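Enquirer: Under my numbering, think of the first position of the sequence shown as 24, with each following residue one higher.
It is worth saying that the hints were derived from the structure and are not from the lab.
From a predicted model like this one, the values you see are computed outputs, not experimental measurements.
Be aware that one or more of the hints could be misleading.
Derived DEER-like restraints, expressed as beta-carbon distance ranges [stated by the list, open to error]: (1) MET79 / VAL27: 11 to 21 Å; (2) ASP85 / LEU63: 17 to 27 Å; (3) ILE37 / ASP69: 31 to 41 Å; (4) ASN90 / ASP29: 30 to 40 Å; (5) CYS46 / PRO75: 14 to 24 Å; (6) CYS43 / PRO75: 15 to 25 Å; (7) SER83 / ILE37: 15 to 25 Å.
Using N, Cα and C, we set each Cβ at its ideal position, and we do this for glycine too.
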Amino acid sequence: LLYVGDYDPHGIHIYFQYVCSMCRGESDEVGLSECERVVLLGIDPDTADSLPESHMPLTSKDITLLNNLIINP
């Protein structure tokens with residue numbers, strides 16, 4: 024499963040929801056669980072850092088969501 028999402032707190036939260044909903048603890052014949060088959064496509068931290076003009080300040084809602092993701096992804 025490929026997930027194409029935004030590189031912001033909300034996109035990361037959605038990605039975690041996909042991964043967590045697919046994790047069942049079972050592995051297939053190759054030894055991969057369903058959650059290991061989810062691949063995030065899109066901008067990574069290195070790419071984001073190289074494009075400073077595209078940065079937007081985080082809102083207080085973004086910061087709250089990030090803090091919650093750190094505690095409970």
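Enquirer: List in ascending order the numbers of the hints, as given earlier, that are violated by the structure.
Expert: 3, 4, 5, 6
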